[in-house]
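2 protein chains.
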Amino acid sequence: MASMATRFTNTPSPFHSIQRTSYTHLGAPVKVSISTSKSKKTHLRLRVSAGLIEPDGGKLVELLVEEPLRGLKKKEALSLPRIELSSIDIQWVHVLSEGWASPLTGFMRESEFLQTLHFNSLRLPDGSVANMSVPIVLAIDDAQKHSIGDSTSVALFDSKNNPIAVLKNIEIYKHPKEERIARTWGTTAPGLPYVDQAITNAGNWLIGGDLEVIEPIKYHDGLDRFRQSPAELREEFTRRNADAVFAFQLRNPVHNGHALLMTDTRRRLLEMGYKNPILLLHPLGGYTKADDVPLSWRMKQHEKVLEDGVLDPETTVVSIFPSPMHYAGPTEVQWHAKARINAGANFYIVGRDPAGMGHPTEKRDLYDADHGKKVLSMAPGLERLNILPFRVAAYDKTQGKMAFFDPSRAQDFLFISGTKMRTLAKNKENPPEGFMCPGGWKVLVEYYDSLVPASSGRLPEPEAVLA
Amino acid sequence: MASMATRFTNTPSPFHSIQRTSYTHLGAPVKVSISTSKSKKTHLRLRVSAGLIEPDGGKLVELLVEEPLRGLKKKEALSLPRIELSSIDIQWVHVLSEGWASPLTGFMRESEFLQTLHFNSLRLPDGSVANMSVPIVLAIDDAQKHSIGDSTSVALFDSKNNPIAVLKNIEIYKHPKEERIARTWGTTAPGLPYVDQAITNAGNWLIGGDLEVIEPIKYHDGLDRFRQSPAELREEFTRRNADAVFAFQLRNPVHNGHALLMTDTRRRLLEMGYKNPILLLHPLGGYTKADDVPLSWRMKQHEKVLEDGVLDPETTVVSIFPSPMHYAGPTEVQWHAKARINAGANFYIVGRDPAGMGHPTEKRDLYDADHGKKVLSMAPGLERLNILPFRVAAYDKTQGKMAFFDPSRAQDFLFISGTKMRTLAKNKENPPEGFMCPGGWKVLVEYYDSLVPASSGRLPEPEAVLA
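Taken in order, these protein sequences are the chains called A and B.
Everything in the first sequence is counted per full-length UniProt numbering, starting at 1 for the first residue and increasing by one.
Everything in the second sequence is counted per full-length UniProt numbering, starting at 1 for the first residue and increasing by one.
In case anyone wonders, no lab produced these hints; they're calculated from the structure.
Treat each hint with caution, since some may be false.
Remember, identical chains collapse to one label, so a pair may be satisfied in a single copy or spanning two.
In silico DSSO-like pairs for lysine-lysine, Cα to Cα no more than 30 Å straight-line [said to hold, decoys possible]: (1) Lys374 / Lys177; (2) Lys145 / Lys363; (3) Lys428 / Lys289; (4) Lys177 / Lys145; (5) Lys374 / Lys59; (6) Lys397 / Lys168; (7) Lys363 / Lys174; (8) Lys374 / Lys145; (9) Lys374 / Lys420; (10) Lys426 / Lys160; (11) Lys374 / Lys174; (12) Lys397 / Lys160; (13) Lys177 / Lys289; (14) Lys74 / Lys145; (15) Lys174 / Lys420; (16) Lys397 / Lys426; (17) Lys363 / Lys177.
Looking at chain A on its own, in the form it has when it is part of the complex (with noise of 0.2 Å):
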């Protein structure tokens, strides 16, 4: 995966300041300021703000209680009352800890939950608003309720009995589940795969604070290298002298036509004045559903992308979005672009149906494929993030390779469903040539291929361990 390697270094290079200001049709005027930076002791605490644009309430918040105060830490969480984590509320922490949702401090208290519920956003101290679509939140039922009592502190276990946080200042309030459901999905149709997975038979309470996370989370699958931080990517597109970042969420394999929306992005944002805009390929590394492919088949899958040279490693960055899938299409994109925007991305590429699926229970989709842009364009607290809509690229049959789909000779077009995608390699078929660079295409045939011997079932996902 030599490719793939971040390049990761504790010392950004120091370089002088540069002030640009670029109007494009995108949206308002661009400023991006780059000013020298200096390398400091403990990377994890270094801010790489200058240049790029800003985490939301101005700071990332990190929620990583510092190397020497570790061992205390744990001691303090031995003595209090404990909650047992889900993987999923494990996944929750990985994000809070490293400043994704910033602002937010930790599992929201009611404040939070019910701005996000109502209005997708949070209002700020200083009156500002921040985005915030989804419930960060922590379920717990009466007899967890019970054994907290009057303890204004809890801790937080993993499955294997390891501490993994401590939440302070902590407020219980009701956890309405058919009103959260509702409001996040715009349906209460039974089978919606987050729903079943994390909410349903969650408790009945629910349990905000400040969280103070005892150590990264990791999980030891041979990944963790490209689960980098918000602040770690921010280092890393400042080293890269980046005057433009555009991040490109997926949970999908990467084919031709993504590639082609990426490069024609970066074309675009050169065409606009940027000197060099980087890419961030950020996958989405927690919970999914069922039929979706598993991380780890993607991440290879991605590796033979860039290694067919379809996406240039020299302007791309790699990594793992920590946060699990809610499936919550409109409601939902927005999450995946405030989380981009405090890892330093201040463009973000939306398609057809963003986080969108079919609908649990009837024939259609859920979500209007055009809703997510839209809702997107508008939301409250993401005006400095410019929206790059998706260009719909198709299998075009004259040139033999994807292109942006051209309406006037629709006829020349193929479109490939991820259906019929999933269908090709699970025959090991191949698609038409072009689709797909070989390499990408023969890992998705290798994963079908690993699933018949469990019966079609689905490989586990990783969990987060503890060295």
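Once you have looked at the hints, place chain B on chain A.
Chain B in isolation, oriented as in the chain A frame:
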């Protein structure tokens, strides 16, 4: 109803400029500036914003066609594709025509609809935000959509074939009913009154555009003189020299607990330094569910309350709010508050479980009783409004009257629920003395008595009628 007369006049008496800043515990410093206002020729175009809180978006958006052009507009309507309005649709036309929903210029287009569903607010061209929590939309079916064809305008007719309005620069888009219901009510359970009445059987398309209303909407039920527009209310408040306006939304009979609350609010405002706080007692006049007391009876009851001296007519304006009721709790209370800003209110009294009801299929309230005031206090676009949370009043057995509940002597208090009140009135029994003024109680008993011949059915609601 002499005591309820609002003494409307076209010529506000001029008075001099007053500037005051008062620091309260209720929110940001309140700045009230009252400057000389001048009378103008057409009273509906008069802007009496001086001294009162500004309407959302800076000015009241009234959508009534000027008198001399009405004939022409009617002619135009007769030449256009037609949409027949339901009585709830006409109530929304009424609401829009008078600027309660300022800055909306008509039924919502998709961008407004999506912002309402996701953010409960609209971003205005100047970057500011106006609250808008309830979709104000017009549904049409496939046949109507087909009949509109390529026309850019349509005419809106009532069920008796009278032209009501023209909708210009129309936009037709999908009506995502399930999503609309889930995001507005936080549930999709069957049995939500407004949903059953106005959404379930509505068309699969929504049509938005700029509304031009041919004539003021009238109901000819003897209550039209109480249906003052926001502009008329603003004139009235200015005429009365109000330096604070506090609004009380209600859809129930007024008992002495309400009265206590309203007089106590006035006392608190005087303590804060206001010289002349005026109460806007503002019963909702549009669609309500079958077991609510109908508007005509409520107005009779309110009249008695003023006649009996429970509220002071000198400092009270009784008027009818033309909106239909959603029973959408925390989502709807924002609409109730926002509309009152447009009518000049800068204080809003919010109670327990505003706009709430029982869950239609489960044995519990649909909303947490505290969510309404919490959501209201955090709602985007309502920062200028001072939210006055309800203090709970109950019947104090030791004093023989309604008093603010004192938890330290809970045993002295009797809570008389709406259900209890209804049961007493139906059985012609009296509530404890001091619960409601006798004249008001008599009206209630008469109302329930009137239901008996119709086998407990409900009197029909007044419908808008053309003169």
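Going down the list of hints, with the structure as the test:
1. Both within a single protomer and between protomers do Lys374 and Lys177 lie at most 30 Å apart by alpha-carbon distance, with minima of 27 Å and 18 Å respectively.
2. Taking the shortest alpha-carbon separations for Lys145 and Lys363, only the inter-copy value of 23 Å comes in at or below 30 Å, while the best intra-copy value is 41 Å.
3. Proximity of Lys428 to Lys289 under the C-alpha cut-off of 30 Å is restricted to the intra-copy arrangement: shortest distance 23 Å within a copy versus 60 Å between copies.
4. With identical chains, the CA atoms of Lys177 and Lys145 are at most 30 Å apart within one copy only, with a shortest distance of 17 Å there and 37 Å across copies.
5. Proximity of Lys374 to Lys59 under the C-alpha cut-off of 30 Å is found in both arrangements, the shortest distances being 28 Å within a copy and 27 Å between copies.
6. Taking identical chains as interchangeable, the C-alpha atoms of Lys397 and Lys168 are never at most 30 Å apart, the minima being 60 Å within one chain and 44 Å between chains.
7. Proximity of Lys363 to Lys174 under the C-alpha cut-off of 30 Å is restricted to the inter-copy arrangement: shortest distance 16 Å between copies versus 34 Å within a copy.
8. With identical chains, the CA atoms of Lys374 and Lys145 are at most 30 Å apart between copies only, with a shortest distance of 23 Å across copies and 41 Å within one.
9. In this assembly of identical chains, Lys374 and Lys420 lie within 30 Å of each other by CA distance solely inside one copy; the values are 28 Å within and 48 Å between copies.
10. When the C-alpha separation of Lys426 and Lys160 is checked against a cutoff of 30 Å, the pair qualifies neither within a copy, at 36 Å, nor between copies, at 62 Å.
11. For the homomeric pair Lys374 and Lys174, the shortest alpha-carbon distance between copies (14 Å) is at most 30 Å, but the shortest distance inside one copy (32 Å) is not.
12. Taking the closest pair of Cα atoms, Lys397 and Lys160 never come within 30 Å of each other, the shortest separation being 54 Å inside a single copy and 58 Å across copies.
13. Within a single copy, Lys177 and Lys289 get their C-alpha atoms as close as 20 Å, and across copies as close as 26 Å, so both meet the 30 Å cut-off.
14. In this homomeric assembly, Lys74 and Lys145 come within 30 Å of each other (Cα to Cα) only inside a single copy, at 22 Å, whereas the closest approach across copies is 65 Å.
15. Taking identical chains as interchangeable, the C-alpha atoms of Lys174 and Lys420 lie at most 30 Å apart only when they sit on different chains, with a minimum of 28 Å there against 44 Å within one chain.
16. Only within a single protomer do Lys397 and Lys426 lie at most 30 Å apart by alpha-carbon distance; the minimum there is 23 Å, versus 77 Å between protomers.
17. For the homomeric pair Lys363 and Lys177, the shortest alpha-carbon distances inside one copy (25 Å) and between copies (15 Å) are both at most 30 Å.
Violated hints for the displayed structure, listed by number in ascending order: 6, 10, 12.
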